[in-house]
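**Student:** Based on the hints, put chain H in the right spot on chain W.
Here's the letter readout for the chains.
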Amino acid sequence: MAKILMKGAEAIAEAAIEAGCQAYFGYPITPQNEVPEYFAKRMPKLGRTFLQAESELASINMVYGAASAGVRVMTSSSSPGIALMQEGISYLAASRLPCVIANFMRGGPGLGGIQPSQADYFQATRGGGNGDYYLVVYAPATLQEMCDLTKEAFDVAEQYRLPVMILADGTLGQMMEPVELGNYVPRTKADMTWAATGFQGGKPRSIINSLYIQPEELEERCLAMFDTYREIQAHEIRVEEFHVEGAQLIVGAYGTMARIVKSVIMQLDQAGGPKVGLVRPITLWPFPQEAFAKAAAQESVQAVLSVEMSMGQMVEDIRLAVNGRKPVSFFGRTGGMIPTAKEVREQILALCNGGKE
Amino acid sequence: MAKECRRPKALTDTPFHYCPGCTHGIVHRLVAEAIDHLGIREKTVGIAPVGCAVFAYNYFNTDMLEAAHGRAPAVATGMKRVRPDNIVFTYQGDGDLSSIGCAEITHAANRGENITVIFINNAVYGMTGGQMAPTTLLGQVTTTSPYGRDPKDSGYPLHMAELLATTRGAAYIERVSAHDVPHIRKAGQAIEKAFRYQMEGKGFSMIEVLSTCPTNWGMTPVQAMQWVKDEMVAQYPLGVYKDLGEKEA
Numbered sequence: 001m002a003k004i005l006m007k008g009a010e011a012i013a014e015a016a017i018e019a020g021c022q023a024y025f026g027y028p029i030t031p032q033n034e035v036p037e038y039f040a041k042r043m044p045k046l047g048r049t050f051l052q053a054e055s056e057l058a059s060i061n062m063v064y065g066a067a068s069a070g071v072r073v074m075t076s077s078s079s080p081g082i083a084l085m086q087e088g089i090s091y092l093a094a095s096r097l098p099c100v101i102a103n104f105m106r107g108g109p110g111l112g113g114i115q116p117s118q119a120d121y122f123q124a125t126r127g128g129g130n131g132d133y134y135l136v137v138y139a140p141a142t143l144q145e146m147c148d149l150t151k152e153a154f155d156v157a158e159q160y161r162l163p164v165m166i167l168a169d170g171t172l173g174q175m176m177e178p179v180e181l182g183n184y185v186p187r188t189k190a191d192m193t194w195a196a197t198g199f200q201g202g203k204p205r206s207i208i209n210s211l212y213i214q215p216e217e218l219e220e221r222c223l224a225m226f227d228t229y230r231e232i233q234a235h236e237i238r239v240e241e242f243h244v245e246g247a248q249l250i251v252g253a254y255g256t257m258a259r260i261v262k263s264v265i266m267q268l269d270q271a272g273g274p275k276v277g278l279v280r281p282i283t284l285w286p287f288p289q290e291a292f293a294k295a296a297a298q299e300s301v302q303a304v305l306s307v308e309m310s311m312g313q314m315v316e317d318i319r320l321a322v323n324g325r326k327p328v329s330f331f332g333r334t335g336g337m338i339p340t341a342k343e344v345r346e347q348i349l350a351l352c353n354g355g356k357e
Numbered sequence: 358m359a360k361e362c363r364r365p366k367a368l369t370d371t372p373f374h375y376c377p378g379c380t381h382g383i384v385h386r387l388v389a390e391a392i393d394h395l396g397i398r399e400k401t402v403g404i405a406p407v408g409c410a411v412f413a414y415n416y417f418n419t420d421m422l423e424a425a426h427g428r429a430p431a432v433a434t435g436m437k438r439v440r441p442d443n444i445v446f447t448y449q450g451d452g453d454l455s456s457i458g459c460a461e462i463t464h465a466a467n468r469g470e471n472i473t474v475i476f477i478n479n480a481v482y483g484m485t486g487g488q489m490a491p492t493t494l495l496g497q498v499t500t501t502s503p504y505g506r507d508p509k510d511s512g513y514p515l516h517m518a519e520l521l522a523t524t525r526g527a528a529y530i531e532r533v534s535a536h537d538v539p540h541i542r543k544a545g546q547a548i549e550k551a552f553r554y555q556m557e558g559k560g561f562s563m564i565e566v567l568s569t570c571p572t573n574w575g576m577t578p579v580q581a582m583q584w585v586k587d588e589m590v591a592q593y594p595l596g597v598y599k600d601l602g603e604k605e606a
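Protein sequence lines correspond, in order, to chains W and H. Residue numbers 1 to 357, in the numbering used here, belong to the letters of the first sequence in order. Residue numbers 358 to 606, in the numbering used here, belong to the letters of the second sequence in order.
Since the hints were made in silico from the structure, they are not lab data. Being a predicted model, the structure only gives us computed values, none of them experimental. Be a bit skeptical, because a hint or two may be false.
Unchecked claim - Restricting the straight-line Cα-Cα distance to at most 30 Å, the calculated cross-link-like pairs of lysine-lysine (DSS-like) are:
hint, chain 1, residue 1, chain 2, residue 2
1, H, 509, W, 203
2, H, 400, W, 189
3, W, 45, H, 400
4, W, 203, H, 586
5, W, 3, W, 41
6, W, 203, W, 189
7, W, 7, W, 342
8, W, 262, W, 326
9, W, 294, W, 326
10, W, 7, W, 41
11, H, 550, W, 203
12, W, 275, W, 326
13, H, 366, H, 550
14, W, 3, W, 189
15, W, 262, W, 3
As the list claims (entries may be wrong) - What follows is a list of derived Cβ distance ranges for each label pair:
hint, chain 1, residue 1, chain 2, residue 2, range
16, H, 364, W, 220, 27 to 33 Å
17, H, 500, W, 320, 55 to 61 Å
18, W, 320, H, 373, 47 to 53 Å
19, W, 294, H, 370, 56 to 62 Å
20, H, 503, W, 55, 54 to 60 Å
21, W, 222, H, 442, 33 to 39 Å
22, H, 370, W, 175, 57 to 63 Å
To be verified - Covered stretches of chain H, as calculated for chain W (at least 3 residues, CB under 8 Å):
hint, segment
23, 393 to 404
24, 416 to 430
25, 436 to 442
Glycine included, every Cβ here is placed at the ideal spot set by N, Cα and C.
Just chain W, same shape as in the assembly (with noise of 0.2 Å):
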């Protein structure tokens, strides 16, 4: 299939329809308001379920009682409202239900701004919610990327029974970019029989619940989910390693941070600059420890530095990867502030050669 120009909000939600999204509830709010709007238009022609909820809390409980059934659905919204979400999300998690969610990040805390963000990484990557869980969070950095991760989200999430979270900011909501669709090639169908659709063909009764009032019930139920936490750990890390080979700094950095700090290390390799070595993770939970551990242990690496449209969050999980091997700086800017291609260029300089170019 040609590749077509698309904004970012109205890609992912035409790559989570071809992915076979059956669903999608959402609520208003800046700077993905595409997404609902997309779906308004498609899903009807489809024969599909689009509804415009009352708020994010009610939405993210209509993900829950559509998962319940068995059907890929979908939510999507910005960092203020994937806040109210977070009972839900909690929820959808202990009693393990697949759905796919989306965060156009903007500026916080509080009502916060409507300009790109990346403040949302340690909600996103911690749970967010009450309780001991994850997501699987994708963090695409191209149009393309975010397409291709949607539609593997939906597999993912029913493959291991549970809500996967692409976590984008508002750059990649409302940029366009030529993407190409149409090419989705879905993973083994994921079993599905633990949903709850009454009896017909003699099933056995499903109940999809989170109660678990005995505490050694609760405690297994929590091992359970951390088995597959593991499994999740070992085969599903997604990492772009850029220049890493010989670099004399690494960078970590990811969705549209990342591109930036990508052009930055071209411009340096170009112009002769010191050697630069970018680890852009694509999941960042599981987050790629591994990949961090051996970019920094090289031993022409002098340092590493994470960059991130936020007051550094990121940098604390290259903190632990790192372990203490080689110093980790941070720099960023915040409240929707973009670092620059300028500003990250004068960090890297300073930290390779006394701010020297």
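**Tutor:** Below, chain H alone, put in the same frame as chain W:
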């Protein structure tokens, strides 16, 4: 003709955990009888609330979901929209439905979601130990209104049946009571009608059932039944608040 008394198929064998004199058990049975009578057990999905009926999934012998506090109508919406052939009901208490879940129930009714809602109004939070609910009567003593509910502080009893009857989406809203046999029989008929309306695709139905909570009211079961009859029915008049019947089916 001899009448046989047996457990409805739509109830499991699990003994109820409810207190003596609590009407949850009665209403569970009415719901189960309606499901049996309509022959819909195998396609019914029930949604349990947070509150005393939180374990309803152990009792109803249908597919069951456990929802977050107040969110059952949103969960039901998600389920019903993707599985319109299933019969979907929520079973919610007054803290769940009229307080924390007021938005979800109102919008589900207003959208005319084709679901059945069983609303247990016993004027108090039961599971958490007898705190004030939006439905608590004026002057009623609870653990969080120890001097009696004062409207200057806590407003007035919320009338959900009347409120939801104002939404155009609602098809059938009735308030019934479980305080004596004739009223229980009437409640059973209303509940069955609400399920039947869903089968006929008429849209949103809610049956509000005035219920007891002897433990948290500090009463014997008999006193509690009497209190529903004397005090609650006076505050919450019984009757049909909306019924689109055959007209707008």
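**Student:** None of the hints should be skipped; say for each whether it holds.
**Tutor:** To see whether the hints hold, each was checked on the structure:
Under the criterion of a C-alpha separation no larger than 30 Å, the hint pairing residue 509(H) with residue 203(W) is inconsistent with the structure, at around 54 Å. In summary, the hint linking residue 400(H) to residue 189(W) is supported, as the alpha carbons are separated by about 24 Å, within the 30 Å threshold. For a cut-off of 30 Å, the pair hint linking residue 45(W) to residue 400(H) stands: about 27 Å separates their Cα positions. For a cut-off of 30 Å, the pair hint linking residue 203(W) to residue 586(H) is broken: about 44 Å separates their Cα positions.
For the hint pairing residue 3(W) with residue 41(W), the CA-to-CA distance comes to about 21 Å; that is within 30 Å, so the pair holds. Between residue 203(W) and residue 189(W), the direct Cα distance comes to roughly 18 Å. Compliance with the 30 Å bound is thereby established for this hinted pair. In summary, the hint linking residue 7(W) to residue 342(W) is supported, as the alpha carbons are separated by about 27 Å, within the 30 Å threshold. For the hint linking residue 262(W) to residue 326(W), the alpha-carbon distance of about 21 Å falls within 30 Å, and the restraint holds.
Pair hint residue 294(W) plus residue 326(W) holds up; C-alpha atoms about 11 Å apart against a cutoff of 30 Å. Taken as a hint, the residue 7(W) and residue 41(W) pair is honoured in the structure, with Cα atoms around 15 Å apart against an allowance of 30 Å. Of the pairs offered as hints, the one joining residue 550(H) and residue 203(W) holds, with about 28 Å between alpha carbons and a cut-off of 30 Å not exceeded. Under the criterion of a C-alpha separation no larger than 30 Å, the hint pairing residue 275(W) with residue 326(W) is consistent with the structure, at around 16 Å.
A threshold of 30 Å between alpha carbons decides the hint, and for residue 366(H) with residue 550(H) the separation of about 19 Å falls inside it, so the pair holds. Distance check on the hinted pair: residue 3(W) and residue 189(W) sit about 28 Å apart at the alpha-carbon level, within 30 Å; holds. This hinted pair checks out: residue 262(W) and residue 3(W) have alpha carbons roughly 23 Å apart, not beyond 30 Å. Our hint of 27 to 33 Å for residue 364(H) and residue 220(W) holds, since their Cβ atoms are close to 31 Å apart.
Restraint check, residue 500(H) to residue 320(W): a C-beta distance of roughly 46 Å breaks the suggested window 55 to 61 Å. Between residue 320(W) and residue 373(H) the CB atoms are about 50 Å apart, so this pair conforms to the stated range of 47 to 53 Å. Between residue 294(W) and residue 370(H) the Cβ separation comes to about 58 Å, which falls inside the hinted range of 56 to 62 Å. Take residue 503(H) and residue 55(W): their Cβ atoms lie about 33 Å apart, and the range 54 to 60 Å is violated.
At about 35 Å, the CB distance of residue 222(W) to residue 442(H) agrees with the hint of 33 to 39 Å. Distance hint for residue 370(H) and residue 175(W): a CB-CB separation of about 59 Å, consistent with the stated range 57 to 63 Å. Look at the segment 393 to 404 of chain H against chain W: 6 of its residues bring a Cβ nearer than 8 Å to a Cβ of that chain, three or more, so the hint holds. Taking a C-beta to C-beta cut-off of 8 Å, the segment 416 to 430 of chain H contributes 9 residues in contact with chain W, enough for the three needed, and the coverage statement holds.
Residues of the segment 436 to 442 of chain H with a Cβ under 8 Å from some Cβ of chain W number 5, which satisfies the need for three, so the listed coverage holds.
The structure shown violates the earlier hints numbered 1, 4, 17, 20.
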